[in-house]
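S.K.: Build out the structure end to end from the sequences listed, making use of the hints.
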Amino acid sequence: MTQKSNTPKKRERPLSPHLQIYAPQMTWVPSIMHRIAGGALAIGTLMIAWMLIAAAYGPEQFECFMDFATHPVGLLMLFGWSVALFYHMFNGIRHLFWDMGYLFKLQNAKRAGLVVFAATALATLLLWLPLI
Amino acid sequence: MTMKWEKTPLKSDMARAQGLGSAKSGTEHWMMQRITAVSNAVLMIWAIFSLVGLIGQGVDYQTFTLWLAKPLNAILMVLFIVSTFTHACLGAQVITEDYVHNEGFKTLKLVAQKLFFIGLGFACVFSILKIAL
Numbered sequence: 053m054t055q056k057s058n059t060p061k062k063r064e065r066p067l068s069p070h071l072q073i074y075a076p077q078m079t080w081v082p083s084i085m086h087r088i089a090g091g092a093l094a095i096g097t098l099m100i101a102w103m104l105i106a107a108a109y110g111p112e113q114f115e116c117f118m119d120f121a122t123h124p125v126g127l128l129m130l131f132g133w134s135v136a137l138f139y140h141m142f143n144g145i146r147h148l149f150w151d152m153g154y155l156f157k158l159q160n161a162k163r164a165g166l167v168v169f170a171a172t173a174l175a176t177l178l179l180w181l182p183l184i
Numbered sequence: 381m382t383m384k385w386e387k388t389p390l391k392s393d394m395a396r397a398q399g400l401g402s403a404k405s406g407t408e409h410w411m412m413q414r415i416t417a418v419s420n421a422v423l424m425i426w427a428i429f430s431l432v433g434l435i436g437q438g439v440d441y442q443t444f445t446l447w448l449a450k451p452l453n454a455i456l457m458v459l460f461i462v463s464t465f466t467h468a469c470l471g472a473q474v475i476t477e478d479y480v481h482n483e484g485f486k487t488l489k490l491v492a493q494k495l496f497f498i499g500l501g502f503a504c505v506f507s508i509l510k511i512a513l
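So the protein sequences, as listed, match chains A and B.
If you read the first sequence in the numbering used here, its first letter stands for residue 53, the second for the next number, and so on.
If you read the second sequence in the numbering used here, its first letter stands for residue 381, the second for the next number, and so on.
Misleading hints may appear alongside valid ones.
[Unchecked claim] Only pairs whose alpha carbons sit at most 25 Å apart, straight line, appear in this in silico DMTMM-like list of lysine to aspartate or glutamate:
# : chain 1 : residue 1 : chain 2 : residue 2
1 : A       : Lys-62    : B       : Glu-483
2 : A       : Lys-62    : B       : Asp-440
3 : A       : Lys-62    : B       : Asp-478
4 : B       : Lys-510   : A       : Asp-151
5 : B       : Lys-510   : A       : Asp-119
6 : B       : Lys-450   : A       : Glu-115
7 : B       : Lys-404   : B       : Asp-478
8 : B       : Lys-404   : A       : Glu-112
9 : B       : Lys-450   : A       : Asp-151
[Unchecked claim] Examples of chain A residues toward chain B, derived with CB under 7 Å:
#  : residue
10 : Gly-90
11 : Ala-92
12 : Thr-97
13 : Leu-104
14 : Ala-107
15 : Ala-108
16 : Met-141
[Stated by the list, open to error] Sample of chain B residues lacking proximity to chain A, with all beta carbon distances greater than 10 Å (derived):
#  : residue
17 : Leu-456
18 : Val-480
19 : Val-491
Read the hints as simulated data drawn from the structure, not as lab findings.
The C-beta atom is built at its ideal place from N, Cα and C for all residues, glycine as well.
M.R.: Below, the structure written as C-alpha cells:
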C-alpha cells in the first residue's frame, strides 16, 4: 500500500549558473567579501575574549596571551583582523548609504566599492605604520 | 523544504498562517543590525587603535590592566563588547539561515551560536569589571 502524498511532485528545474562562471564585478565581489570578513570577525571575538579573560585571571595568563599575540603568527592574525575590520566597517558604511536610498546608480555603486578598497588600504597603513 | 501549509492544502488561509510566527517583530533584527553597525563604527576605531597599539608595543600585564582600569577605557570596552557581540550574533544568524538548509541542524546551530555569543560576551564584560573595579 503506497501512501499518496499531497505535495505536488517537484519537477527538475534548471538551476541558476554556478558562482564560478560569473566574471568578478564591483557589485558581488565586495558583497561576498563583506560576509566572509564578518564571519572572520565573529570568530575573532574569541581572541578578544582570550585577552580580557586572561587579564582578569592574572599576570601569568596574560603573558601567555601576549606571547601568542606578539609571535609572528599572532601578529599576522592581528593584521588580518585589522584589515577585515576596516573593510567590513567601510563596506558597512556603503551599505548604510544604500539603506538610506543613495548610491544605487550602477556607476556610483561601483565607485563607492573602489572607495571602500582605497579607504581600507589607507586605514590599515595609518594603523600599522607607527608600529614599524 | 516542505512548508507546513503545503502538507495540508485544504486548510484555510488563517490556519496556514498560524504557528509561523508573529509579524510584529519583523524589522527588529534588521534595525538592531543597523544601530549596532553605527555604534560599532565609532567604538571600533577607538578599540583597534588602542589594542593594536598596546599589543604592538608588547604591553605587559601591569600596564594593560592599569590602562583598562581607567573608567573611560573600561566603559568604552564594555560598550564595545556589547555592541560588537550583538552585531556579530545577528550577522552569524543570517549567515546560518542563508546557508544551512537542514532544519534540525539549522535550529541546533542557531541556538548554539546564540549561546556562544551571550556566554562569551558575558565573560568579557565580567573580566573588564573585575579588572576595573
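S.K.: Could you run down the list of hints and mark each one as holding or not?
M.R.: Consistency of the hints with the structure:
1. Lys-62/A to Glu-483/B: holds (19 Å)
2. Lys-62/A to Asp-440/B: violated (63 Å)
3. Lys-62/A to Asp-478/B: Judged against 25 Å, a Cα distance of about 22 Å means the pair holds.
4. Lys-510/B to Asp-151/A: Violated - the C-alpha atoms of Asp-151/A and Lys-510/B are around 40 Å apart, more than 25 Å.
5. Lys-510/B to Asp-119/A: Cα-Cα ~23 Å, so holds.
6. Lys-450/B to Glu-115/A: holds (21 Å)
7. Lys-404/B to Asp-478/B: holds (22 Å)
8. Lys-404/B to Glu-112/A: violated (50 Å)
9. Lys-450/B to Asp-151/A: violated (37 Å)
10. Gly-90: holds (5 Å)
11. Ala-92: violated (11 Å)
12. Thr-97: This interface hint holds because 6 Å falls under the 7 Å limit.
13. Leu-104: Since chain B brings a Cβ to about 4 Å from Leu-104/A, closer than 7 Å, the hint holds.
14. Ala-107: holds (6 Å)
15. Ala-108: holds (4 Å)
16. Met-141: This hint holds: Met-141/A lies near chain B, its Cβ roughly 6 Å from the closest one there, short of 7 Å.
17. Leu-456: Fine: 13 Å to the nearest Cβ keeps Leu-456/B off the interface.
18. Val-480: holds (13 Å)
19. Val-491: holds (16 Å)
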